[in-house]
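Visitor: Listed below, chain by chain, are the residues.
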Amino acid sequence: MFQLVLSQWQTQRSRWLAPALLWLAIVLLVVIVGLPVLAILLYALFPHINEWSLAEPFSALLPTLADGQLLSATVNSLRLSAAVTLLSCLLALPLAYQRNRMSDRSGRWWDALLMVPFLIPPYIGSMAWMQLLQVKGFSEQLLGFNLAPYLYSFPGIVSVMALHLFPMIYFAASNALRVVGHRYGDVARVFGAQPWQIFSCIYLPLVLPSLVSSCLIVFILSIEEFGTPEILGNRFGFHVIVTAIHDKFSDWPIDLPGASVLSLILIIIALAAYLLQRHISERFSANLDQQVVNPPPLRRSLLARTLTQLLFAMVAMLAVVLPLLSICLSALMNTLSGGLHWRNLSLQPLLRLFDGDGDAWAAMSTSLSLALMAACCTVLIALLVAFAVVRLRARATVLLDFLSILPNAIPGMAIAVGLILTWNQRFWPLTPYNTSLILLLAYVCLMLPYPIRMLSAALCQLPRSLDDAAYISGASELTVICRILAPLLAPVALAAGFIVFAISTRELVSSIMLAPPGVETVATYVFHQFDQGSINAGMAMSLVTILVSGSIIVCGQRLQGRVRP
Amino acid sequence: MKKLFAALTVGMVLATPAFATDHLVVYSAGPKPLSSGLAKAFEAKTGIKVDLFEATAGKIMARYEAEKANPQVDVIISAAWADAISLDQAGELLPYHSANAANVPAALQTPNYVAQGAAALAIAYNPKSGLPAPTRWSDLTQPTYKDQVTMPDPAKSGSSLTLVQGLVAKDETAAWKLFEGLAANQTLVPGPNNAAMNPVLQGAKGVVFGAVDYLVIGAKAKGESIEVVYPKDGTVLAPRPMMIIKTSQHQEAAKQFIDFALSEEGQKRVADEFILPARTDIQAKRPGWNDLSIIDFNEAAAAASAAATKAKFAAIMMK
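As you go down the protein sequences, you meet chains W and S in turn.
Take 1 as the starting number for the first sequence in UniProt numbering and just add one per residue.
Take 1 as the starting number for the second sequence in UniProt numbering and just add one per residue.
Note that these hints are calculated values from the structure, not bench results.
Hints are supplied without guarantee of correctness; some may be wrong.
One side only, chain W facing chain S, incomplete, derived with CB under 8 Å [stated by the list, open to error]:
1. Trp52
2. Asn234
3. Gly518
4. Phe530
Given the structure is predicted, the values throughout are model-derived calculations rather than measurements.
C-beta: ideal position from N, C-alpha, C; glycine also.
Just chain W, with the same shape it has in the complex:
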């Protein structure tokens, strides 16, 4: 692999920047992602590696894998993730297609709204659905019916997770469709193609690499998701690998090597999914010449426009309004047992957040600034990695590419253990461990897959001829990257940055393990409130965070509207 890099460097001696960037990308990914993952691998094989001892090698493997329930948990994990990915696609594709046919102004509003599911932590979302639909839940108190049997079932858990994750596919697909533009469709229409034909024979293959790549994220996110299976799945005995891993962390006796072994299964599943995605992407790698960056607006009938808006409104109702409403009501209830009565509703829980010791403010500003830094860092690193993977095509990039998906495949708890094993060592002259920097490192590690996936997919769509034209015209590599590729990727980079920001503001599992003493993030604050039985305070904090980070994103998107070419 190194020879290849070297030979590439020799053939392109005048282009020194590309190999330098490749090396930088490799070093960054290995340090941020590779080391903690390696630590987990070693822990699975050597259960005493935490004490720097290689004693009893492989002793954790067999007992863990011999667990009778493991097979059914694995099957459940695969079944759940496949169903969630499929349903997310079904939700996201029509929306993404319609998004590119509506005016940019209303489109940006819907984009902002569909960003909200990223802001809602999965466990809060599941609790919100539970409070809404359970026996004597909000729907029964207000409208007289409950959907408990549906909620606590496989279709129920799939719906909740898909409603939460489909924006990931929506944003990727709508960005990809935007790059494709309408011209191909228009040509087909002139030749008499039906709308369905146009969609399935023209647009779908063109956006397939983006689509498959975002499906991979959704698949792996659902395999890794803990909150919803824990809260809803436990109700009907539905166990997945991640809940099995968390059981090994949750109470006495904890079993870290066992958890690492189970993480290996997730890594293997992720590897298989990744190879499948690569295979599909390569077959459909699209080469779009003459891109229209600014498509002319479509003329559409009033009916079509209304139907589009209705479709968006319906999905937003399910994915955004209902969960938020439920969170809001829970935040306003003085007591859980008091139910929905005017006497039981007040602004007290919300107001109480901001008087007293100021812990809530501190937690929020910690989370917001960490999330902002994580967004900037991940997008920059992702640009680098995407460039290296897509444009340099060295053999090493396959490793780079796979490394970049791993953090999503491994549960946050295991990553946290990996980070502690890596950074809490005496041989480091300087370590981020026990400072807030470890949280930043954890967020960057956990969030890197999103921008990397999104940016490499977008970069795949930009034709190489663009670079070549620039090189022939005498542009240096720096010019190509800064003046040609970067502006074209800017909207995707911003969108990816928002997603990272949103998800980082609420990251729970690694925060709770890694937070240095005395530092609280929003999620750990909420967690401690729940732990003390103050559901309303926890929900109030979640609500405020969703609103604050949501408005930051809206501001960012307005900015994006202005910088768009």
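Dock chain S against chain W, hints included.
Guide: For chain S alone, kept in the frame of chain W given last:
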């Protein structure tokens, strides 16, 4: 932003061992007001800075395990007595007997660790549910309570495991018959303690089998409609062990911290959270040592067979 960055950089430099100042690192399981209040009061009294990490017992032990190459923690306060048993068996605890532990019952202290306080496992029911108040554990197997009972999962809640172990130790046949009855009554085992109690507060279910009593009393104090019942056939204590880790670099400070936690002031803070103070001479703000009929059992022996107990319980409940 800039300020935070500066703080982070400074923090990073300060955190490296060469700069470490004299302070005490404490990992504590909830409730948060108790541990942070205790740490602040200790700082004020002794001038020793306390770095407090708060999480669930499981997360604390996970962090402790992962940190073994370069141990950070001096004192651990867990919510699971079994944590202390296993660390003690591994020889990782520093022996210490605090002078303040004189009034702590013998069952709640060993040469190497001592209880801060204890929770009792009880039945909690929502009076609004219209169900009759239960008086015994076995009441909840009656048809009246069908589909109305929840129970914390012994695989996710140390206290629930303690209850199962206690009941099994008391009368093995009766205990497993009881759990079979609960399973037949469609008892819901949804997860940790909160997951079992919330549906009861929200009215979706009516009764918790094996609720952590101080959480119930605390909820009631906040105005929730919930009552705690200590079953006549005896309840099980889940003590919170405090221990000093052998690798501690601040053993004197750690000992002072244990002394403080067992002092009158420290114990009153325990009582304020509705937890049963370890010292029998401190007034509890809830049914105290004399009001509870406690099932005594050998926790170390029970811990040895914990995996089998959990597996058998899961098998019965999954049926």
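Visitor: For which of the previously enumerated hints does the structure constitute a violation, in increasing order of number?
Guide: Going through the list in order, the structure violates no hint and respects every one.
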